[in-house]
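Peer 1: Mind docking chain W on chain F? Use the hints.
Protein sequence lines, in the order shown, are assigned to chains F and W. What the first sequence shows, in the numbering used here, is residues 12 to 327, in sequence order. What the second sequence shows, in the numbering used here, is residues 12 to 327, in sequence order.
No wet-lab data here; the hints were simulated from the structure. Quick caveat, the model's predicted, so the values are computed rather than measured. Treat the hints loosely; a few may be bogus.
When chains are identical, the list treats them as one kind, so a pair holds in a single copy or across two.
What the hints assert, rightly or not - Using 20 Å as the maximum straight-line C-alpha spacing, the simulated SDA-like pairs for lysine to any residue come out as follows:
| no. | residue 1 | residue 2 |
| --- | --- | --- |
| 1 | K13 | A238 |
| 2 | K13 | K67 |
| 3 | K304 | Y168 |
| 4 | K14 | G70 |
| 5 | K313 | E225 |
| 6 | K304 | A167 |
| 7 | K208 | P184 |
Protein chains: 2
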Amino acid sequence: MKKVFCGIDLGGTTIDVGIIAEDGVILSTEKMPSFVERGVDDVVGRIVNAVLACGKSVGTAFSIAGAGIGVAGLVDNQNGVLREATNFPGWINVPLGAKLQDVLKVSVTVDNDANVAALGEYVFGAGRGYPYLMMVTLGTGVGAGLIINGEIYHGAYGAAGEFGHITIDKNGPLCACGRRGCVEAYVGTSGILRTVKERLPAFPKSRLAAVDVETVMPKDIYREAMAGDELARSVFFDVGDNLGYGLGNVVNLLNVQRIILGGGVAAAGDFIIKSAQKRLDMMSLNNSETPVKIVPAELAEKAGIFGAASLAMANL
Amino acid sequence: MKKVFCGIDLGGTTIDVGIIAEDGVILSTEKMPSFVERGVDDVVGRIVNAVLACGKSVGTAFSIAGAGIGVAGLVDNQNGVLREATNFPGWINVPLGAKLQDVLKVSVTVDNDANVAALGEYVFGAGRGYPYLMMVTLGTGVGAGLIINGEIYHGAYGAAGEFGHITIDKNGPLCACGRRGCVEAYVGTSGILRTVKERLPAFPKSRLAAVDVETVMPKDIYREAMAGDELARSVFFDVGDNLGYGLGNVVNLLNVQRIILGGGVAAAGDFIIKSAQKRLDMMSLNNSETPVKIVPAELAEKAGIFGAASLAMANL
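Bound conformation, chain F alone (with noise of 0.2 Å):
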């Protein structure tokens, strides 16, 4: 039988299963809604049933060897419990890994979904080679996974990988956080509204001038980035210029090979990565012999379900 490995993506509105094989080719899918609010138990029980029915349709020339979960939270990844999360709420030290290994009788590796997609992104998307890298998710706030010598890296007590609070301005914008200067308070949602808020005055023709800026989403002004409104233009430059200030200081303290950007905002890629690669390329030390590429996350939806595959790959 040939060995196949199941990766589970456990969103606040969404599961994902998938049996994927060590080629990174997906045999099997399922998605369904999370219904959090219903409890552990029920959860648990809709994951198992996706993984049996994904089981059962690869068929029987497969057996699964382990499986992987990346869920958004606090996550004690040598025990496999979810700590804390906020997307669910009342969930506090559960022990997923145990719970399903229980079930599924194969090994269970769980982790926090950043590392998951950054560990996915190196094992089969943009970052494949590169086992030094940090991924990005760009998003309301700024997630990050690290990868070190090819594996996640969780620093000392699994809290490693806070990237967003790097501070990059002592003196700067407030954060959600209630720091002054952090990565977030300048390419996260919020940080981004606020940019465009700040300039309006500037830019009276703007087509933005006409948006409600309480609501509009940076999607929205990307879309008139594209269209060639440069109030929209120059906020998404600032945004790759701070996120690129952040990239210098992970690329000089860890001397990663490698920054992939992923999420929302990170659709407006283009914009965003050619400032961040300008402002990184001045601020990076020793850095002309292997220059750090930032390049787009290339997994997109199936990142997390990749990379929950490629954690039971790592632990088998």
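Peer 2: Using the frame of chain F, we list chain W on its own:
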């Protein structure tokens, strides 16, 4: 025969050699001038003589199981090559490890002095029990060594640990590296002198008003701080505060457990550590369960030989 290890600290002016037992007892030491200008083979010859003299003095009950050497410069640690170093003009791609190994007939590991000092403090000094730590050496510049999972962290190409060039204020003062607002621009010697100069007008009664700010040394400023001079105290307070911002970035990104402070300026430890600790506590996320303490280095001028001997032990 009991196994012992040889630690070599090759500096621009002095070579220190020590034979150290696994429990950290120093059995023998030698110290001599480097005479770098006499060329590689002369220096290597004198290191070998010093090692042999040390070996002779510890006697035949001990056998040297390996040697380590720390040197201030860019080191290719995997191949034992000193690629280049400011203090060793003309020494380009010197295979220090192989040269010493040929004569000493034991395995010789080469690493950068800041990395070696960090490893020494981890194995025998202020970092015992903390496998995730950073040691920062304050001086003219800012050196740093990262210990990750109990080992020196080199990054993808040996260029990791540039803590001195972490940006904490992208609009901040100019650093010697040409960038703005690096940690070193605040806590390196020239940053300290700049701060004194900037503040003199506000402290006309300061005893520092009488000194030549172009030539005064941080230790003179420290003496005045100890004597109660308010300008001197405010300067060291800010050195610590800015250091704390940089350390916050490292703690949030890497989830290290301990920071060790060494070097000349660190003599002003009380002033610097207190304000650095206060700022770090404010900057750290996920820090409440296991707060990161900043502590002074313990090995002082012995860090080099302890660290280099630890390098040999680690690579046995």
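Peer 1: Now look at each hint and say whether the structure bears it out.
Peer 2: Do the hints match the structure? See the list:
no.	hint	verdict
1	K13 x A238	neither (50 Å within a copy, 75 Å between copies)
2	K13 x K67	within (14 Å within a copy, 61 Å between copies)
3	K304 x Y168	between (29 Å within a copy, 15 Å between copies)
4	K14 x G70	within (12 Å within a copy, 58 Å between copies)
5	K313 x E225	neither (31 Å within a copy, 59 Å between copies)
6	K304 x A167	between (28 Å within a copy, 14 Å between copies)
7	K208 x P184	within (13 Å within a copy, 28 Å between copies)
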